[in-house]
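Sequence lines, in order, name chains B and U. Each residue of the first sequence is one higher than the one before, starting from 13 at the first, in my numbering. Each residue of the second sequence is one higher than the one before, starting from 208 at the first, in my numbering.
Simulated from the structure, these hints should not be mistaken for lab results. Be aware that a few hints might be false.
What the hints assert, rightly or not - No farther apart than 25 Å at their CA atoms in a straight line, the calculated lysine-lysine pairs in the DSS-like style are these:
1) K248/U / K117/B
2) K72/B / K248/U
3) K64/B / K117/B
4) K278/U / K117/B
5) K117/B / K251/U
Unchecked claim - So these bits of chain U aren't anywhere near chain B, every CB distance computed over 10 Å:
6) I252
7) E260
8) G314
Just so it is clear, the structure is predicted and the values come from calculations on it, not from any experiment. By construction, the Cβ of each residue, glycine as well, lies at the ideal position given by its N, Cα and C atoms.
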Amino acid sequence: GNSVTQMEGPVTLSEEAFLTINCTYTATGYPSLFWYVQYPGEGLQLLLKATKADDKGSNKGFEATYRKETTSFHLEKGSVQVSDSAVYFCALNSGGSNYKLTFGKGTLLTVNP
Amino acid sequence: DTAVSQTPKYLVTQMGNDKSIKCEQNLGHDTMYWYKQDSKKFLKIMFSYNNKELIINETVPNRFSPKSPDKAHLNLHINSLELGDSAVYFCACELSGSSYEQYFGPGTRLTVT
């Protein structure tokens, strides 16, 4: 079955630091890959996505590249802000009979001023 | 206009009671989901409906019963509430063929005492 493994948190950074949150996956077929973000007290929002190998998703300064050879979709941002403090979820969906999003366990990011 | 709305936002009730959570989406999407998020932020899919038809029913106690009166609504009824049902419940929706991108509601925090 499908699975997503992302780095355990919490991650604590100072403002303007570089961020990487690792995500690797196991899936049948050719999944679409996602990063969702959950700000405190809110629901999940799609941050970025990639639907095929070597695609790069980007949004709000965050980037992630779909690496089929390493089955990875690591999230990066060059300079984090306090407002980026949230829980980040890596997810995949491979469709077919397994038509559902499979989420990682989430990584809590705290950015200090 | 809120794309996916849930009511109530907070629900505090006693063990043994029956309660409902309502979800409405105005995006015209044809697939809707219920997720449960535990205290460690782990997300677990519970149900999925496509065009009012149940397509995913994970190993959820039969005290939980989803109902979809129309494509825009997916309600969750819970009988005989237990302490372990305390969690945040999220509704989400998706347009078939849209690269599996899901839109989430703000969540309902259920506390069973």
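Next item on the list: Assess, step by step, whether the Cα of K72/B is no farther than 25 Å from the Cα of K248/U, and give holds or violated.
Entry: Holds: K72/B and K248/U sit about 23 Å apart, inside 25 Å.
Checklist line | 25 Å limit on alpha-carbon distance, applied to hinted pair K64/B and K117/B | finding: holds (23 Å)
Next item on the list: For the pair we were handed, K117/B and K251/U, check the Cα-Cα distance against 25 Å.
Entry: holds (10 Å)
Notebook entry, point to check: Is K278/U within 25 Å of K117/B, Cα to Cα?
Noted result: violated (30 Å)
Check: Checking the smallest CB distance to chain B, is E260/U really beyond 10 Å?
Finding: holds (13 Å)
Check: Holds or violated: K248/U with K117/B, Cα cutoff 25 Å?
Finding: OK: K248/U and K117/B at ~7 Å, within 25 Å.
Next item on the list: Grab the minimum beta-carbon distance between G314/U and chain B and tell me whether it stays above 10 Å.
Entry: violated (5 Å)
Notebook entry, point to check: Does I252/U sit more than 10 Å from chain B, CB to CB?
Noted result: violated (5 Å)
When each numbered hint is compared with the structure, violations occur for hints 4, 6 and 8.
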